[in-house]
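Asker: In order, the protein sequences belong to chains A and B. Heads up: the first sequence begins at 1 in our numbering, then just goes up one per residue. Heads up: the second sequence begins at 108 in our numbering, then just goes up one per residue.
Just so you know, these hints were derived from the structure itself, not from any lab. Accuracy of the hints is not assured; some may be wrong.
[Stated by the list, open to error] The calculated lysine to any residue pairs, modelled on SDA-like cross-linking and capped at a C-alpha distance of 25 Å, are: (1) A:Lys31 <-> B:Leu142; (2) B:Lys131 <-> B:Leu183; (3) B:Lys196 <-> A:Val72; (4) A:Lys106 <-> B:Glu192; (5) B:Lys131 <-> A:Lys106; (6) A:Lys31 <-> B:Lys271; (7) B:Lys268 <-> A:Val82; (8) A:Lys31 <-> B:Glu192; (9) B:Lys271 <-> A:Met18; (10) B:Lys268 <-> A:Met18; (11) A:Lys106 <-> B:Val121; (12) B:Lys131 <-> B:Gly185; (13) B:Lys131 <-> B:Gly200; (14) B:Lys268 <-> A:Glu79; (15) B:Lys196 <-> A:Gly8; (16) A:Lys31 <-> A:Leu105; (17) A:Lys31 <-> B:Trp125; (18) A:Lys31 <-> B:Leu201; (19) A:Lys106 <-> B:Phe249; (20) B:Lys196 <-> A:Met18; (21) B:Lys131 <-> B:Leu224; (22) A:Lys31 <-> B:Gly126; (23) B:Lys268 <-> A:His95; (24) B:Lys271 <-> A:Arg92; (25) B:Lys271 <-> A:Leu86; (26) A:Lys106 <-> B:Glu193; (27) B:Lys268 <-> A:Phe102; (28) B:Lys131 <-> B:Trp199; (29) B:Lys131 <-> A:Leu105; (30) A:Lys31 <-> B:Asn132; (31) A:Lys31 <-> B:Leu183; (32) A:Lys31 <-> A:His95; (33) A:Lys31 <-> B:Glu189; (34) B:Lys271 <-> A:Arg94; (35) A:Lys31 <-> A:Leu86; (36) A:Lys31 <-> B:Val121; (37) B:Lys131 <-> A:Thr96.
Read off the chains here:
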Amino acid sequence: MNFNLSVGLSTYLLVGAMLFCLGLYGVFAKKNIVAVLMSIELMLNAVNLNFVAFNRFLAVSSVVGQVAALFVIVLAAAEVAVGLALVIAIYRTRHTTNTDEFNWLKW
Amino acid sequence: MSTVVFFIFAILAVASAWGVVTSKNIVHSAFFLALTFVGVAALYVLLNADFIAAVQILVYTGAVSIMVVFAVMLTLRGDVRESSEENRKWGWGLFTAGLLFVVIALVILTNTDWRILAGPWTVQNTAASLSRLLLTSYMIPFEASAILLTIALIGAVILAKGVKEDK
């Protein structure tokens, strides 16, 4: 019995792909705009996981991938702050968070 | 040992991500999101990225989840049990996301360069190495992200506070 269950780079990349695709499905499928923002956070986390995994497996003597992950975290924080502020500003005038009703730029 | 830990936290992360996108109750989605962040942070620890794991716990689990919960509380209308429904075109979303996953999985599983195990990790102190890189090679992006954070902070305050029109 010699199971090779060691976790390699592809396993981490598959986990990242699963998180990314779940987030993508959420962005397409959810009605509530806050749920769409949450799904975007999921996708950014998947990207971060890929950065750190590639760093660990392909560049063992530097932390360049972790620097990229840090910048993604900063961008995600800024994105979610502005996004939620926009949600609250829209809610104040339209009293809804349903993406199907965000159509007043359409004619 | 680390294999078992990996699978526990990978399954935790993916299962809670599934909960985020399938839960009909948006408050449950927000808590599942925090759980996903914790799972991914544990994976960072397994990848020798201890500083990133700490930042993930602080920024994502601590700040982003709380901000999402606040936004949910401020904008909730009607019954909370059906606050996060799927729209009419969710089948197309499922098709696109599933297709993308199949393509990515095929690429990952057929690429033999990526079928490698972890070599010895030679960075002694990740926080020190990160700060050295951030203040030398990546100084311009570092300063730019500082400016970005300031602008995002001011913009978020102005957007959320609203502008008085009678002045």
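Asker: Would you mind marking each hint as holding or not holding in the structure?
Answerer: Taking the hints in turn, this is what the structure says about them:
1. A:Lys31 <-> B:Leu142: Holds, because 22 Å separates the two Cα atoms, which is no more than 25 Å.
2. B:Lys131 <-> B:Leu183: Measuring from Cα to Cα gives roughly 13 Å; hence the hint holds.
3. B:Lys196 <-> A:Val72: Violated, at roughly 30 Å.
4. A:Lys106 <-> B:Glu192: holds (23 Å)
5. B:Lys131 <-> A:Lys106: Answer violated: B:Lys131 to A:Lys106 is near 28 Å, above 25 Å.
6. A:Lys31 <-> B:Lys271: violated (30 Å)
7. B:Lys268 <-> A:Val82: Measuring from Cα to Cα gives roughly 12 Å; hence the hint holds.
8. A:Lys31 <-> B:Glu192: Cα-Cα ~6 Å, so holds.
9. B:Lys271 <-> A:Met18: Violated, at roughly 45 Å.
10. B:Lys268 <-> A:Met18: violated (37 Å)
11. A:Lys106 <-> B:Val121: violated (36 Å)
12. B:Lys131 <-> B:Gly185: Holds: B:Lys131 and B:Gly185 sit about 13 Å apart, inside 25 Å.
13. B:Lys131 <-> B:Gly200: Given pair B:Lys131, B:Gly200 holds - Cα atoms ~17 Å apart, limit 25 Å.
14. B:Lys268 <-> A:Glu79: holds (17 Å)
15. B:Lys196 <-> A:Gly8: violated (37 Å)
16. A:Lys31 <-> A:Leu105: holds (18 Å)
17. A:Lys31 <-> B:Trp125: Roughly 16 Å separates the two Cα atoms, so the pair holds.
18. A:Lys31 <-> B:Leu201: Within the cut-off at roughly 14 Å; holds.
19. A:Lys106 <-> B:Phe249: Judged against 25 Å, a Cα distance of about 38 Å means the pair is violated.
20. B:Lys196 <-> A:Met18: holds (21 Å)
21. B:Lys131 <-> B:Leu224: Distance ~39 Å between B:Lys131 and B:Leu224 Cα, so the pair is violated.
22. A:Lys31 <-> B:Gly126: Cα-Cα ~16 Å, so holds.
23. B:Lys268 <-> A:His95: Cα-Cα ~16 Å, so holds.
24. B:Lys271 <-> A:Arg92: Given that 25 Å is the threshold and the Cα spacing comes to 13 Å, the pair holds.
25. B:Lys271 <-> A:Leu86: holds (16 Å)
26. A:Lys106 <-> B:Glu193: Holds, because 22 Å separates the two Cα atoms, which is no more than 25 Å.
27. B:Lys268 <-> A:Phe102: holds (20 Å)
28. B:Lys131 <-> B:Trp199: Holds, because 19 Å separates the two Cα atoms, which is no more than 25 Å.
29. B:Lys131 <-> A:Leu105: violated (28 Å)
30. A:Lys31 <-> B:Asn132: Measuring from Cα to Cα gives roughly 12 Å; hence the hint holds.
31. A:Lys31 <-> B:Leu183: holds (13 Å)
32. A:Lys31 <-> A:His95: holds (15 Å)
33. A:Lys31 <-> B:Glu189: Holds, at roughly 11 Å.
34. B:Lys271 <-> A:Arg94: holds (17 Å)
35. A:Lys31 <-> A:Leu86: OK: A:Lys31 and A:Leu86 at ~16 Å, within 25 Å.
36. A:Lys31 <-> B:Val121: holds (22 Å)
37. B:Lys131 <-> A:Thr96: Holds - the C-alpha atoms of A:Thr96 and B:Lys131 are around 17 Å apart, at most 25 Å.
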